[in-house]
Amino acid sequence: MTTPRSNPPAPLNLTVAVHDPARRRALKLVGAGALGAALSQVAGGIAFAADAEPLKIGLIVTYSGPYADYGKQMDNGIALWLKQNGERVAGRAVEIVRRDTAGPAPDLAARFARELITRDKVQVIIGLDFSPNAMAIAPVLSQAKVPCIILNASASDIPKKSDYIARISFTVGQVSAPMGTWAGRQGIRTAMTVVADYSSGADAETAFKTTFEAGGGKVVDSLRVPMNNPDFSAYVQRIKDTRPEAVFFFFPSGDLPNNFLKAAKERGLAEAGIRLLATGEAMDDSYMQAAGDAGLGLITTHHYSTAHESDLNRKFIAGYAADNGDYAPNYMAMTAYDGMAVLDKALTATGGKTDGATLMGALKGLSIESPRGPIEIGDKTRDIIQTVYVRRTERLENGKLACIEFDKFEKVQDPRA
Amino acid sequence: MSDLHSSISWRRPVAEAAVLAALAALPLVSQDYLLLLTQVAVLALFTLSLELLVGQAGILSLGHAAFFGIGAYAAAFLALAGWEEPISGLLIAGGIAGLAGLAMAPLVLRASGLTQLMVTLCLGLMLHEAASRGRDWTGGDDGLSGFLNSPVLGLFEFDLFGVTGYLYALAVLGICFAAFTLMRAAPFGTALRGIRQNPVRMAALGTPVGARLAQAYALSAAMAGLAGALMAETTQSVALEALSFQRSAEVLIVLILGGVGSRYGALIGAAVYVLARDWLSALSPEYWLGWLGLLMMAVVLVAPRGIAGLLARVRLPRARAKTEDRA
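Residue numbers (this note's numbering), protein chains in the order written: chain A, 882 to 1298; chain B, 69 to 395.
For reference, chain B alone in the conformation it holds in the complex (with noise of 0.2 Å):
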């Protein structure tokens, strides 16, 4: 978990762009699970940037849904409304989640700790809340649906078998995926994980604190829009559950699995998750849930810092002398 400028920098993105082709490739093997991983990959974005969130800057939230769900309305109103071109109406979606994320950044860093999420809490029910009430614009209970995006670059059209979704969520996902090693390594990443530490002495560093946070809350604020906007094109529905604190539980899980401030642990986190669930509940549809529970305690108990935190164990011992450090 080094940083770039380590010396084994050069491996690690030729690794990850292997992984990543040999994922592109996979509709020419079997098309089976695309939709299966296009939820993955929906899942592993909005968790990375929860990532960014908890496990960088280290403000907490148990309303994280509250952006996802403005980047899913918001994507389903653009293509409602006939802005069908896909990739501009994800980052729009983006944009005003983003935006959202920066009008509340003032209300969420006035607290930390417990109560700061409370507020979190409170700001997630709240929009549940309203969109509930918001018939005439959200659809309520019943949702939105109905709307088609137009082909993907004007010609890869969001096919039945979910090829052209799968690739669209895995090209978004890696582009985010990179931009977030970027922002990791870049002085930005390091200030937030110094205030993460200390924010005391980084404030004494001259570090503009305040600032800082309220950046990184709307940058996690964006990229939960883009996962939200890229689960409305791809399923072509939303549904007040966007914006549920069921789903915001659900992301802090998926994190807590993957393992805390790793690069890696909200992919595998998503992965392990998504797999798991619909692995389990397809083998016994009444208790999987229960058997989940398990997994969940399991990994708890055997690897606090989550799947990615006992890969890493297991790999130490070879890298020890070159990396310790984590953060």
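Just chain A, same shape as in the assembly (with noise of 0.2 Å):
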């Protein structure tokens, strides 16, 4: 058993990474996924033999199953910073051990965790993008000093879990927060909430109703959906006899979004004068084009846009478009990108020290340019501090829909920080 397993460096490989639909499809039947995996490892392998010791990262994310796209997404942001960076994090080569958690698994994302640090020897863990396994890690994190970049979960309490988590994504609350402030800007005084009824859903009604109310505001009434409640007909029907002044609503990235989007329409939401308001999860890159007409003119606040304005966003899109064809990048994508950012500028703040303490200290307090925009990492409360901004949704001049930003907040943090 004292054989080295078979995962030899798994530096990220392009070649693996297929984005063309078709000819991912004819990979898995002939099953060449896995022999080019091998192969492009083995190169990879040689090719970063000449460096005398790689960082290694871990990477714990979703490959497979219904939300392999995560895991993909952050693949590709990875290898796009690192090719336009030289390949290099703060002058080193990089290693990434990739580990498959297959959805929300927190007893596999504790074991992969364990196994990185003792095994691979990683010497930071980054991923996370179910907050169950953000939450198992954080006693092993505390346990081995190993310091951990949150590149998704978005549970409000993560950070609090461990000094030696820092994230970089985003919590829903801080997204949904703004809204109520908007709202309450536009002379808006009546809402309703509709949310999806989990964590999350809960977190962006209670966000959205306390900053609605400080400014004068009052929700009216507050709806609960099931997860998998697929007929949104009704819900709908309550909001239009209620006749608010408007409909703030959250569900998670999917296809629930856009089944509540037409099912407004049909009702004629709109024509009843009811103004709707989401999160940008509702606007989510990966769906949002299939919400067709039912989309325009929804209001979202979230902290990106990939039609954000900036040279840097510029730069990122194009690249990925360059590597990755028409499978358009996302938040996660965008967030991963950043990870290998903040990561090497807290590495080359620390002369290359990975420990614990001395990266935890550099990453405190930590700000670089993002796609997004300005990114800092609060000096105490180690979660992500961001411009969240206020969007509307058009449709552009090749047909596509895009989030087109048009107010902002800044420096926003989560409402329970």
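Hints may contain errors.
[Unchecked claim] Stretch by stretch, here's where chain A covers chain B in the computed footprint (C-beta under 8 Å, at least three residues):
1. 202-216
2. 223-230
3. 246-257
None of these hints come from the bench; they were simulated from the model. The C-beta atom is built at its ideal place from N, Cα and C for all residues, glycine as well.
Starting from the two chains in their separate frames, assemble the complex, guided by the hints.
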């Protein structure tokens, strides 16, 4: 059992990250995927063999099952940053050890974290798409004193679970609260909330209600919809009967927001004078085109739009498109891209030292320019502080929908920070 | 696959003890795979509980994760409430799961065949939903974490490399496997297999069929609860996923892969499944599920009685004269 296990260093190999769907299917059929992975890993190993000590990064994320897209987006984001920066993080070659949790699986995540630390000897762990997975590895990080950069998990409390966690994604409360303030400023006095019935939904509901009522508005009714409820007509009818000036909704990205938007259009909420407000999950780049005309005019608050106007974002989008063609990036690819930039800056500051205390010290208060705009890791909270944008969904000249930013809230923290 | 009273009965326990001792000595050689093997032990124990239900008593279940989850949450509640002693925590959690099994038995045993499958499925889903709603208790989607059990026997702390966790899990699995073996050979086990083959005839022979099945159901639930508690104590976290349908389906797949009706099926199935999964998913994170699927299909086609059945068939020509009967 002492032979090295058969996962040779897995540097991000663009050769396996096949994004042309037809080719992907073909690969799956002939089963060449694994072979390709093995070959390019060997090739990668040879390419990096010249470097004395590559930086070892453990990446715990989802690569298979219904959420496989998450891992692919993050891989692409990381690969793109490395490509644009000479394949080096703070002057060192990078070796990424990837682990697949296949969705929320805290026991697997905890085991992966421990194995990555004790067996693969990684210096830092990144990724963590699902909150339960991030929560589960927190005690391991504390025990081993290994830093972790969270690239997605959005439950409010995560950075409080271990001193070795820093988050650079976002929280649901962080993007929901500004919507309440913005709605108040527009002179909206009554609103209803509709959220998916799980912890993030409850976060969104509370955050919106707090800021909206602080601005003098009133939430007249709050509906919670089961996660697996595909039929929104009854809920939309109830909204129409209640006649608030606006309705704020939150569903996890996927098909639910589109189903809600379509039901709202069928029942004519806009014609009844009820404005639709949501968080950016409703306009996730991976799903938003399917909303069609039902999505037009929707106001959302979020930390990132692929249509954000900045040189860095244009560079990110163009680079991503060059590598991945029609497979559009979303906020996870962007966050993973940032993850590398953050790590690069922190390691440069520590002079390459990777021990937990030093690296966490460098991560605290660190700020960079991201494709989404300026971001900062809170000095005390170790949580993300960033600009939240107010966007309107519009149709571009090329026929695609896009979230066009027209207002913003700077330096927003999680409301529970 | 003979019973204990056959002529080779003494060889088996000795060989099994030798394997156990070898596994227990593993940390002296390498500590690289202990966490993985701990997971094998947990899954093997869980699968063994399903073998008791499906393989011995002939009760079908697609909701066995209910008891796994009850055990896991019970262990987590105890640790969070300050009851940090692991062994008593494990036993209490197993006991709670057993009681839950006893309570559900009348519902499940009322039905048979497909209807039974649906009842277990529904009970499992309802419990999952209840845990999802009871956020104040279960932590909802966030799960429970951040608890740490006190050292085993007051001596061995749960360490980062998982040495204690591994030996602890191995010991629990070993004891449960021995108990399962004894139960199987006892009149109780014989009665269960009789009921599986012909309940009417067993009733005519004077066996209290309903009571025996309810006992088997509760025992199986308790063992599943032990597995769940073992997972909670060794990984220091529990989430809703412990109660999920996927986990119920997974354990059934592992049992079929290993071999239903055999003592070793659960152990072999769990080892092959977890190791293959780990190896394949490290090799190709995106496509490993496909490879695992192919492996499953190959096993089902080549060895309908699972890997244990295949091994027995290879061995059989030598021992054919002695034991043809697997039941």
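Checked hints:
no., hint, verdict
1, 202-216, "holds (count 8)"
2, 223-230, "holds (count 3)"
3, 246-257, "violated (count 0)"
Hint 3 from the list above is the single one not met by this structure.
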